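Participant: Below, each chain spelled out in residue letters.
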Amino acid sequence: MTDSGAPATPEELKERIEVGIPGATADVTGDGHHFNAVVSAPAFHGLSRIAQHRLVYDVFGPEVGGRIHALSIQTKATASETENIA
Amino acid sequence: MSDDVSTQIHEAIQSAISENPVILFMKGTPDQPMCGFSARTVAILQSVGKPFAAVNILPDPRIRQELSTVSNWPTIPQLFIDGEFVGGCDIVTEMYESGELQTALGVEDANGGEPAPEPAAQEPAPLSIENRL
Numbered sequence: 015m016t017d018s019g020a021p022a023t024p025e026e027l028k029e030r031i032e033v034g035i036p037g038a039t040a041d042v043t044g045d046g047h048h049f050n051a052v053v054s055a056p057a058f059h060g061l062s063r064i065a066q067h068r069l070v071y072d073v074f075g076p077e078v079g080g081r082i083h084a085l086s087i088q089t090k091a092t093a094s095e096t097e098n099i100a
Numbered sequence: 003m004s005d006d007v008s009t010q011i012h013e014a015i016q017s018a019i020s021e022n023p024v025i026l027f028m029k030g031t032p033d034q035p036m037c038g039f040s041a042r043t044v045a046i047l048q049s050v051g052k053p054f055a056a057v058n059i060l061p062d063p064r065i066r067q068e069l070s071t072v073s074n075w076p077t078i079p080q081l082f083i084d085g086e087f088v089g090g091c092d093i094v095t096e097m098y099e100s101g102e103l104q105t106a107l108g109v110e111d112a113n114g115g116e117p118a119p120e121p122a123a124q125e126p127a128p129l130s131i132e133n134r135l
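Which chain is which? The protein sequence lines are A and B, in order.
All you need for this note's numbering is the position in the first sequence, starting with 1, plus 14.
All you need for this note's numbering is the position in the second sequence, starting with 1, plus 2.
Mixed in with the good hints there might be a few duds.
What follows is a set of in silico ranges between Cβ atoms, one per label pair, in the way DEER data are often shown [to be verified]: (1) A:Thr-43 <-> B:Gln-10: 36 to 46 Å; (2) A:Pro-21 <-> B:Asn-74: 20 to 30 Å; (3) B:Asp-84 <-> A:Thr-23: 32 to 42 Å; (4) A:His-47 <-> B:Glu-120: 14 to 24 Å.
Everything labelled a hint here was simulated from the structure, so no lab data went into it.
It should be emphasised that the depicted structure is a prediction, and the values quoted were computed from it without experimental measurement.
Cβ atoms here follow ideal geometry from the backbone N, Cα and C, with glycine treated the same way.
Working from the sequences, and respecting the hints, build out all of it.
Facilitator: Spelled out as structure tokens, the structure:
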């Protein structure tokens, strides 16, 4: 599959995840093709891992596997209640 | 019509998933994985010691296309246990480290809590390879 448009950057992915998933914070690393995203969001609460990861993939649609060659994901549900997390 | 071929592939994928209790769709084969994520997932399954069927998705792009419509999942590899989609490399790794994968596979939790194994270098294993697609 050929790339279209500018190469993806970790900054772009981080911003799109944080815009696409309400309340999400994302740490994204990557080299333009392979990316790793650690995403925390209250929206993950009560969802299975598959459903949590789908929320992240859905931000990018068909770009995953294409322009974004590979995207590894780790998700964490952040509590909506106040909780002390170091 | 290519639509007919896609339908055939779709049906072949669905019967492969229902006929094999543990089936991995991957890039390459367990003996010769063609992608680091597939290699890692194979290494984990081999470490758990449960036999699994494997389908190489690389020979025809329509396999991946149809698989994604079955699983609603964009990336490869994809693991199915007892007909249900379990996840890709990230989820399988997390489940292995927490012991959930061993439970899902009905295997004693011998390695739970340990870091996932790195892919072994060319280690032939007694796997049933199913690739009728």
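Participant: Now look at each hint and say whether the structure bears it out.
Facilitator: We went through each hint and held it up to the structure:
1. A:Thr-43 <-> B:Gln-10: 36 to 46 Å: 41 Å, holds
2. A:Pro-21 <-> B:Asn-74: 20 to 30 Å: 27 Å, holds
3. B:Asp-84 <-> A:Thr-23: 32 to 42 Å: 40 Å, holds
4. A:His-47 <-> B:Glu-120: 14 to 24 Å: Once the Cβ atoms are compared, 21 Å apart, the range 14 to 24 Å for B:Glu-120 and A:His-47 holds.
Checked against the numbered hints given earlier, the structure satisfies every one of them.
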